[in-house]
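Student: Chain residues, written in single-letter form:
Protein chains: 2
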Amino acid sequence: MAQDRSATRERILDTTAELFRRYGYTGTGLKQIVANANAPFGSVYHHFPGGKVQLGEEVIRRSGQMYLEIVLAVLDAAPDLLTGIADAFMGAAEVLRATDYIDACPVATVALEVASSNDTLRQATADVFDTWIDAVTARLSAAGIASDDARRLAMVLIELIEGGFLLCRAARTTQALEAAGSAAVAVVRAALESSID
Amino acid sequence: MAQDRSATRERILDTTAELFRRYGYTGTGLKQIVANANAPFGSVYHHFPGGKVQLGEEVIRRSGQMYLEIVLAVLDAAPDLLTGIADAFMGAAEVLRATDYIDACPVATVALEVASSNDTLRQATADVFDTWIDAVTARLSAAGIASDDARRLAMVLIELIEGGFLLCRAARTTQALEAAGSAAVAVVRAALESSID
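So the sequence lines, in the order shown, correspond to chains A and B.
Anchor point for the first sequence: position 84 equals 84 in this note's numbering, and the numbering is continuous, going up by one each time.
Anchor point for the second sequence: position 32 equals 32 in this note's numbering, and the numbering is continuous, going up by one each time.
Hints may be right or wrong, so weigh each one.
For chains that are exact copies, the list does not tell them apart, and a pair is met inside one copy or across any two.
[Stated by the list, open to error] List of simulated lysine to any residue pairs, SDA-like, C-alpha gap at most 20 Å:
1. Lys52 with Gly27
2. Lys31 with Ser117
3. Lys31 with Glu178
4. Lys52 with Gln123
5. Lys52 with Val34
6. Lys52 with Tyr23
Worth flagging that the hints you see were computed from the coordinates, not collected in a lab.
With the hints as constraints, model all of the structure from the sequences given.
Tutor: Right, dumping it as structure tokens:
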């Protein structure tokens, strides 16, 4: 029974994450969540007594962590940092095409929706972006880029992929992510070269 | 009377644009729009027979055009392209701080909300981004950057400012836009230098 409940909880989280990608936070209703998760309506409040905000916060933090793990796995699988960065942008473009331009950043839509309207959720998105910036900063530092530069550069890489997702989802082409990927490789290469000097 | 109606129409458009920035498309209701615009409820359907979608589309296209004009004015006021780009990012960061992190890109939130759920509005956001890419491409070309490179670079500049807005609104600091602005200047400088070679 405990296992069943836990499976329901996971299913609600997964379903909500899916719906957020497609419809955003405001556009996703609890009825839609339980219907898509094949769960009884009461189960949302059973597992998430704080209702949609608690569920939303857990989905933001969980999706952010899962997405980071995917990107770090791509970076780790590459023979070097520049190849890894190119792979991450190419992979993001491929997933976008394969999912009819739905499956982009799992946090950005919600982050913009809640930035000025729900501070609990805004803080969750800020925390997610912070963990991403920290993780990318660590990879850049490990490759020899000075710590302050690495942090600024980590922000720039995340900005490029997020901006790329935005333009690509609107245009339904992946050109903007390809441009972003080339720029990402170029700025990291320049930083690596100047760190050698 | 015709003038009154036209003034009401403008007020509805301005109010809707404001509400979209703060609450997004889905989070903005017609009742809220007429209340904030100090307009009778029927006036929305009088001026926008297609309802929220028609109003949304006009707001997206109009806000996109207005924002482009502001950015081009900043670029034109600068003594050179690199200074203009730095000014545009700095100005964006200043406006963000001055408006409690609300007044960022007027199109991005809606663009992500509608990308996979409303094709009419998605197309409007794609058209806006296209006019931005075209306008920035023209400025970069005029400065001597080859046309294909200029277009890719224009996408990168827009990605940097959009990604910067996203991270800054979440974090409620402007560090990410400052990093984006430095990277924007660096990539354009590199392109200008390689175009001289």
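Student: Which hint numbers doesn't this structure obey?
Tutor: Violated: hint 3 alone.
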